[in-house]
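Q: Sequence:
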Amino acid sequence: MRIRITKVLQGSIDGIQLSRLVQGQVYDVNTSLACYLLSEQMAEPAHGESRATLAAEKKTVAPVVPRSVAADRASTRAHSKREEHS
Numbered sequence: 106m107r108i109r110i111t112k113v114l115q116g117s118i119d120g121i122q123l124s125r126l127v128q129g130q131v132y133d134v135n136t137s138l139a140c141y142l143l144s145e146q147m148a149e150p151a152h153g154e155s156r157a158t159l160a161a162e163k164k165t166v167a168p169v170v171p172r173s174v175a176a177d178r179a180s181t182r183a184h185s186k187r188e189e190h191s
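Note that this note's numbering has the sequence shown beginning at 106, numbered continuously upward.
Simulated from the structure, these hints should not be mistaken for laboratory data.
Watch out, some of these pointers could steer you wrong.
[Said to hold, decoys possible] Distance windows between CB atoms, simulated:
1) Ser117 - Gly153: 27 to 33 Å
2) Val127 - Gly153: 15 to 21 Å
3) Pro150 - Val113: 18 to 24 Å
4) Gly153 - Gly120: 27 to 33 Å
5) Lys112 - Asn135: 15 to 21 Å
6) Thr136 - Gly116: 17 to 23 Å
7) Gln128 - Gly153: 16 to 22 Å
8) Leu143 - Gln122: 16 to 22 Å
A virtual CB, placed ideally from N, CA and C, is assigned to each residue, including glycine.
Use the sequences and the hints to build the structure in full.
A: Written as C-alpha cells, this is what we have:
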C-alpha cells in the first residue's frame, strides 16, 4: 500500500525502524504497517504518486508479496519438509 508519511516518526514496530521513514516521502509498505500508520494519523494515502527511492527503504519496509507468490512459498516449504522426513 502506498502512503505518505505526515509526521516525524520514532521507535520501531515489528522490527521496522520508523525513524528511517522520512516525513513527506511516499513509501510502498505492507498493509498492516500502512493501516497502523494511517489509524495513528502518522501517514495518509498516496494514490498514484511516485515513491521515495532510498537505499535504507528495502531494509526497513517489508516488501509486499502478491498472494499467489506467498501461497507458493508456503506450499514449497511444506513440500520440502515432507521430503526431508521421508
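Q: Indicate, hint by hint, whether the structure satisfies it.
A: Checked hints:
Between serine 117 and glycine 153 the beta carbon distance is about 29 Å. The supplied range of 27 to 33 Å therefore holds. Range check, valine 127 to glycine 153: Cβ separation about 20 Å, and the 15 to 21 Å hint holds. With their beta carbons about 19 Å apart, proline 150 and valine 113 fall inside the hinted range of 18 to 24 Å. Between glycine 153 and glycine 120 the Cβ separation comes to about 29 Å, which falls inside the hinted range of 27 to 33 Å.
Between lysine 112 and asparagine 135 the CB atoms are about 19 Å apart, so this pair conforms to the stated range of 15 to 21 Å. Remark: the range hint 17 to 23 Å for threonine 136 to glycine 116 is upheld by a beta-carbon distance near 20 Å. For the pair glutamine 128 and glycine 153, the beta carbons lie near 20 Å from each other, so the given range of 16 to 22 Å is met. About 19 Å separates the C-beta atoms of leucine 143 and glutamine 122, a value consistent with the hinted range of 16 to 22 Å.
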